[in-house]
Each structure stands twice: as structure tokens, then as C-alpha cells.
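Number of protein chains: 2
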Amino acid sequence: MAMKRAASTLITSASSTISSLSSSSASSIITRNLHASGGKKKIVGVFYKGNEYASSNPNFVGCVEGGLGIREWLESQGHEYIVTDDKEGLDSVLEKHIPDLHVLISTPFHPAYVTAERIKKAKNLELLLTAGIGSDHIDLNAAAAAGLTVAEVTGSNTVSVAEDELMRILILTRNFVPGYHQAITGDWNVAGIAHRAYDLEGKTVGTVGAGRIGKLLLQRLKPFNVNLLYHDRLKIEPELEKELGATYEEDLDAMLPKCDIIVINTPLTEKTRGLFDKNRIAKLKKGVLIVNNARGAIMDTQAVADACSSGHIAGYSGDVWFPQPAPKDHPWRYMPNHAMTPHISGTTIDAQLRYAAGVKDMLERHFKGEDFPEQNYIVKQGELASQYR
Amino acid sequence: MAMKRAASTLITSASSTISSLSSSSASSIITRNLHASGGKKKIVGVFYKGNEYASSNPNFVGCVEGGLGIREWLESQGHEYIVTDDKEGLDSVLEKHIPDLHVLISTPFHPAYVTAERIKKAKNLELLLTAGIGSDHIDLNAAAAAGLTVAEVTGSNTVSVAEDELMRILILTRNFVPGYHQAITGDWNVAGIAHRAYDLEGKTVGTVGAGRIGKLLLQRLKPFNVNLLYHDRLKIEPELEKELGATYEEDLDAMLPKCDIIVINTPLTEKTRGLFDKNRIAKLKKGVLIVNNARGAIMDTQAVADACSSGHIAGYSGDVWFPQPAPKDHPWRYMPNHAMTPHISGTTIDAQLRYAAGVKDMLERHFKGEDFPEQNYIVKQGELASQYR
Numbered sequence: 002m003a004m005k006r007a008a009s010t011l012i013t014s015a016s017s018t019i020s021s022l023s024s025s026s027a028s029s030i031i032t033r034n035l036h037a038s039g040g041k042k043k044i045v046g047v048f049y050k051g052n053e054y055a056s057s058n059p060n061f062v063g064c065v066e067g068g069l070g071i072r073e074w075l076e077s078q079g080h081e082y083i084v085t086d087d088k089e090g091l092d093s094v095l096e097k098h099i100p101d102l103h104v105l106i107s108t109p110f111h112p113a114y115v116t117a118e119r120i121k122k123a124k125n126l127e128l129l130l131t132a133g134i135g136s137d138h139i140d141l142n143a144a145a146a147a148g149l150t151v152a153e154v155t156g157s158n159t160v161s162v163a164e165d166e167l168m169r170i171l172i173l174t175r176n177f178v179p180g181y182h183q184a185i186t187g188d189w190n191v192a193g194i195a196h197r198a199y200d201l202e203g204k205t206v207g208t209v210g211a212g213r214i215g216k217l218l219l220q221r222l223k224p225f226n227v228n229l230l231y232h233d234r235l236k237i238e239p240e241l242e243k244e245l246g247a248t249y250e251e252d253l254d255a256m257l258p259k260c261d262i263i264v265i266n267t268p269l270t271e272k273t274r275g276l277f278d279k280n281r282i283a284k285l286k287k288g289v290l291i292v293n294n295a296r297g298a299i300m301d302t303q304a305v306a307d308a309c310s311s312g313h314i315a316g317y318s319g320d321v322w323f324p325q326p327a328p329k330d331h332p333w334r335y336m337p338n339h340a341m342t343p344h345i346s347g348t349t350i351d352a353q354l355r356y357a358a359g360v361k362d363m364l365e366r367h368f369k370g371e372d373f374p375e376q377n378y379i380v381k382q383g384e385l386a387s388q389y390r
Numbered sequence: 002m003a004m005k006r007a008a009s010t011l012i013t014s015a016s017s018t019i020s021s022l023s024s025s026s027a028s029s030i031i032t033r034n035l036h037a038s039g040g041k042k043k044i045v046g047v048f049y050k051g052n053e054y055a056s057s058n059p060n061f062v063g064c065v066e067g068g069l070g071i072r073e074w075l076e077s078q079g080h081e082y083i084v085t086d087d088k089e090g091l092d093s094v095l096e097k098h099i100p101d102l103h104v105l106i107s108t109p110f111h112p113a114y115v116t117a118e119r120i121k122k123a124k125n126l127e128l129l130l131t132a133g134i135g136s137d138h139i140d141l142n143a144a145a146a147a148g149l150t151v152a153e154v155t156g157s158n159t160v161s162v163a164e165d166e167l168m169r170i171l172i173l174t175r176n177f178v179p180g181y182h183q184a185i186t187g188d189w190n191v192a193g194i195a196h197r198a199y200d201l202e203g204k205t206v207g208t209v210g211a212g213r214i215g216k217l218l219l220q221r222l223k224p225f226n227v228n229l230l231y232h233d234r235l236k237i238e239p240e241l242e243k244e245l246g247a248t249y250e251e252d253l254d255a256m257l258p259k260c261d262i263i264v265i266n267t268p269l270t271e272k273t274r275g276l277f278d279k280n281r282i283a284k285l286k287k288g289v290l291i292v293n294n295a296r297g298a299i300m301d302t303q304a305v306a307d308a309c310s311s312g313h314i315a316g317y318s319g320d321v322w323f324p325q326p327a328p329k330d331h332p333w334r335y336m337p338n339h340a341m342t343p344h345i346s347g348t349t350i351d352a353q354l355r356y357a358a359g360v361k362d363m364l365e366r367h368f369k370g371e372d373f374p375e376q377n378y379i380v381k382q383g384e385l386a387s388q389y390r
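Protein chains in written order, with our numbering: chain P, 2 to 390; chain H, 2 to 390.
What the hints contain is simulated information worked out from the structure, not anything from laboratory work.
No experiment lies behind these values; they were computed from the predicted model shown.
Some clues are possibly wrong.
Heads up, the list lumps identical chains together, so a pair's fine if it works in one copy or across two of them.
Stated by the list, open to error - Calculated lysine-lysine pairs in the DSSO-like style (CA-CA distance at most 27 Å, straight line):
#1 204 with 361
#2 50 with 122
#3 236 with 204
Please work from the sequences and hints to get the whole structure.
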């Protein structure tokens, strides 16, 4: 689809959208950023490799070879720009540049894990940018303590993720995967699909978290005539809540057993890590379907695999794992009734163009000593954004 | 999900919904039906086999073993009820009963092909019921000429099919299938998915046909912020059209080249058979995605396979084939970038309960010599319903 759109036009248009979200304040960046701002910078980008696909689509800017489409712009200003997918261990390309890089750009799809140790080693580091949403690959407390700024391209792929979640809800509810297997293996056994295929209509769908993505999902679920529940720290503003027809559940554990389908839309924090453990899963409805495009570590890996094997969870779909890339022997690859993929939902071509534009915008501001759009900050002046506290 | 609902309760509730749609007229059935009405009937149901899945779900009424859940009721009134999946050729169970059956029930999922020849042999035949929607497996002109009544359970699975279409639109747009393959084969290659994964937002979706299913699909697509086009014989009533934000395209061939995604929602008739042939496909946007849950024979089978191989069609998904069951060597099983399944979208557990209730309702009326809900008729008093003319 639309393979021939020029990347530059779309980056410009996405960029202006993102810029328009920004606060107009231009106060100076404090702490380590300020100290180090100005002059030629060493910027390292860690992305997934494009390989044979790199040149297949001019808008495929999210891979190593695409490098977010900012190489020419960076180099024309005298900055050094290194891109790699080699991120693990002391011999990795990333590790080699840790001591003298100024800016590290990474993505949730192929995360550069930024530990306290790496932060300590990175004496010139000013800025950690996430091309996308979700900065849990960074030790945020260590980053805050070191006076670093961490920012993401908030909003850049919320629509992409919400759409993907709805796809996964339908894939599980309608039991798509066994049907697809039959198609490609020469089989035809309608009963093997139909005995556990359902309409979405009339079912109860609960989202754990109703932030930007959760709200977009609820909007898209509205015409399906489902019973919509949501749990969050905050209640949705009354007008939107009414429009969505969604019911607020203050107590997570009161909501979960009501749900035929549960969708995870909360960031990974110390509070949500391992939230779905064996005990909590045992209290869910037998036959529950779970969609998780948030973060793999919100689930207890083995507890999910066991509940899929026992049938307590009737279907599990998501694109997030821990760690990433998922090892070949990750149990979610082999458990029954799953519809897993690698981490992809936030890196559609459309999303790549938006987060590439957002990264460029923030770099530009950083070089000028200007503030970022307020909602992009994850760590600012030693403080974590509220969703990570 | 919801595996423990009692079948009987749901059938009752679905039945009353369907009854409420009926016209209140109760004029007598004319021609062969009238002649043969009254007395003990031989009813044959042709469904897909449940096999090991038959007893896995008490609501799985759509298989041979489930027999629509009407055996006890029929037999208690002295009728004979034969169910089978064996429908092809002169030695089949169906063929054996053709000479003396009064009522034939079949489904689009495992269609009993009712040819002019079979109609000629079926001297006692009064009524042909489709458990579901779509009666193109019947030679409707021959049925009309023979004075038979043909009826379906209109509305019974429109929601089921519309939901499934939206799933397939997302599966193709987001490039789900290669990601799933990676998950199960131990691979991790985000680029292999992302280089051709898109958001649905902002794309142009056109439906060929905007009847009951097409309208439900448009409603569900609305919050995705897409450009919605539709072609049909009839324009949607202005208020609904405005609510959907869909644009009417009187000329099919003017609409098709505008679409990033085309969805087929038209019955199979002599006008739509082979509608998407090599020439028409060649005029579509390069990289178009096609979803077809309507009927396989609306497409030229080989032309679709060739266009998927060349990349002109970037993705094709549907649950309908010709013939059904699809033979092991059907080219759609092996063409690139497909997301095919056996014919399943209209036979979710929820749909089965609704069409089982609708069939029971029509049998009850037939035995009493009462009319069916008007919208259920496909052939009535020698006349074809308008969508089949």
C-alpha cells in the first residue's frame, strides 16, 4: 500500500503535527544536558536491522539502514551519527561508543538496555531518546540521578498500537490462527475452528490502563457493542467516558474476573512488573483472552504459558516479550492458542515516519538548548514522569 | 470464552429476537409447499462434521452432531431428521435422500450444492433452508421454476461476518502473518514485518456492496479515521450515510482504483461471478489489499493468485473459496501474502445459536402453513429476491 509516497513530505507533515503539540516555552535545559550542549555531538542510534528489506520501501526509515532518515541532516551540521543493531555485551558496537556518546536513540522494538552501569560509563551522555513510546529499557532512576534527560515521541504510535490491539482481540475471539493453519496445510475442518470461535459483540472487554492507547482502543471498540470496562489511576473525563460508554473500575482485582477479554495498556514500572502472576491469573474467568502489546515483563512468563496449556487462558496475543529479541526457546513461542509476533505494533511505516520526525524535532531543540514538548519527557531535571513513578 | 452458557436459553433468546423481525402476516404458502404441507416430514440437514470437537462445547450446534439442536423437537412431532456431511456425488448420503426429502437444510460453510438435476429428482421437496446467509449453492432459477421456497436466516450472522472482515483488514494492513510465522519458528526479524506494515488510519477503504454486512463493517470502520467509499445498487439513506461518513460511488470501476483496501460484500449472482478477473485486477492500485468473505467465485481464482505472486495485490484474505471444501491444491492456499481460512466467519458459536433459532422458527411456521419473515425469502412464489436478480 502507498509504497511510493515520498518520505520527506510525510516526515515534514508528521513533524509539524508533533510540533504543534509542543509547549511554546523555550526555557533552557538544566543539569548535564546544559553543561554539554553546543558543539559537535556523537549520536548513536540502536535500531533493528533492515537487511534485504532495507531498500524495499523508501519510507522504511526505522531500521539501521534507514537510520530515521536523519543522517544527512546530522552530518551536514558536523555531528557524528553511528547506527547499529549490535547492543548486547561488552564487545557490542553500542558498548564501544558508550564512553563518549552524547545522545543515544533507541526503540522499544530492539531496545538498547541502558543499565546504571552503562550510565556510569557514559561520561558525555546528555540525552536518551526513545523513537517510539516506552522507555523501560532505561534504568530511569539511574538516569534521573545522573541528571540525564529521557524523552520519547509521545503519541507517535498510539494509533498504531491501538489498531494492532483490536486486531489481536479479533484474532483470538474469532479463532483465526487454527483456520489459517488449515488453509496453508491443505486441511479443511470448519469444526476445528468453529467450536471455539465467537463474536466479539456482547462480550466484556476490560483494559488495564486507559491512557492514550487505551482510550484509542476504547473508541475503536465502541461500535462493536461490547461491555467496556477500564482500570486506571485516573478516571476518564466524564464527557469522553460517556461517549465511549466505558465503565471505570477503581479496583483492578474487582474488574479482571468480569472480563472475557483483557487488554494491557499500562507502562512497565516497578508496580506493574509481574502483575499477572500465577495467583492473579487463577482468579480470571476460565477461557479468558488476553492481549498484551504493552510490555512482556508485566506478565509472569511461565504462568502465562501454563495457563494457556491448561486452557484457563483460552488465547494470548501480543507483540511484547522479555527479553527482546525473544530467545528461540521462549515458552510463548510454543504454548497453545497464542497469536504472538515480534515487537511490531508501534513500528508500522506510518509510525516510523512519525517517530523519526519526532526524534529529529527533539534533536533540533536539544542542539538549540530549547525544551521539548512537555508530554515527551520521561525524565526531566531528575524527576520521573508520573506514569513511571 | 463463555463456554458454559446453556444452549437452550440462548436459542430461545435469539429466536425471540428473530421472530420480532417477522412480518405479522400469516397468509398461506402457495405452490409445491402448500400442496405438500401437513403430515410427517423428512428433513435432511447437511452440515460440517464436528468429530472430536462435537462435544467440546454445549453451544456447538452447527455441526452434524449438533444438528442445530432441533432433533428432539422435530422427532417429538413425528418428523424424520437426517443429518450428514456427505453431500457430493451419486453415492452420497444426501443423494440417497433426495428422492423423498421434504425439507433440505444446508449452510454456506459446507454447502449442499442443489443443482437443477437434484431438484428434478426431489419430487417431495418443498423447502430449502440456508442456516446462515447466502443461497448461491442452490440453482435458484431451477428452484423458482419448480415452485420451491428458498429462505435463509437473514441477519443471523451479519455481525459475525462484519467483525471478521475488520479482523482481516487489520491482519493484511498490519502484516500480521509473517510476524506470527516468526514467532512460531523461533525467528525474530522486525524488519521482515515492518517494511510493509501500515496503520489503517488514513487509508481508503471501499466496500463493493453495502447491504446488511457492508453497513455493519462501515460502522465499525468509522472510528479508524479512514476514507470510506461504497458501491451498491442503492445509496444508503442520507442520515446513516452522513453518520458513517461514507461516500457513494455509483460507478464500481471509478471507485476501485482509489482504494488501498477493497472489501467484497455482494452476493454471488450471475452479475458478480468472476467480477474480479485479470482485467479488473490490473486496474486496481498496485499494492491493494483485498478482503473477501462474500463468495470465492466472485474472483477469478487464478487471476488473484497471479496478482498476489506479482505483488500487484499486496495481501488477500477471506474465508470463501470455490468449491468448498477447497481442494488441497487450491492455488489460494499457496499464493504469497494471503491470510486465508476455511469458511468460518458466519459460523461462530454466537452465529450458530442465532441461525439454529432462525431455522427452527421457519420450520415451525412451515409446518403451520405460515409465512416466514419477509426478509428471509430468497425464492418465494417463483420469484427471486431482488439481490439475486
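Results for each hint:
1. 204 with 361: Only across copies: residue 204 and residue 361 sit 25 Å apart there, 43 Å inside one copy, limit 27 Å.
2. 50 with 122: within (26 Å within a copy, 65 Å between copies)
3. 236 with 204: Answer is within: at 22 Å inside a copy they meet the 27 Å cutoff, but 32 Å across does not.
Against the hints set out earlier in the document, no violation occurs for any number.
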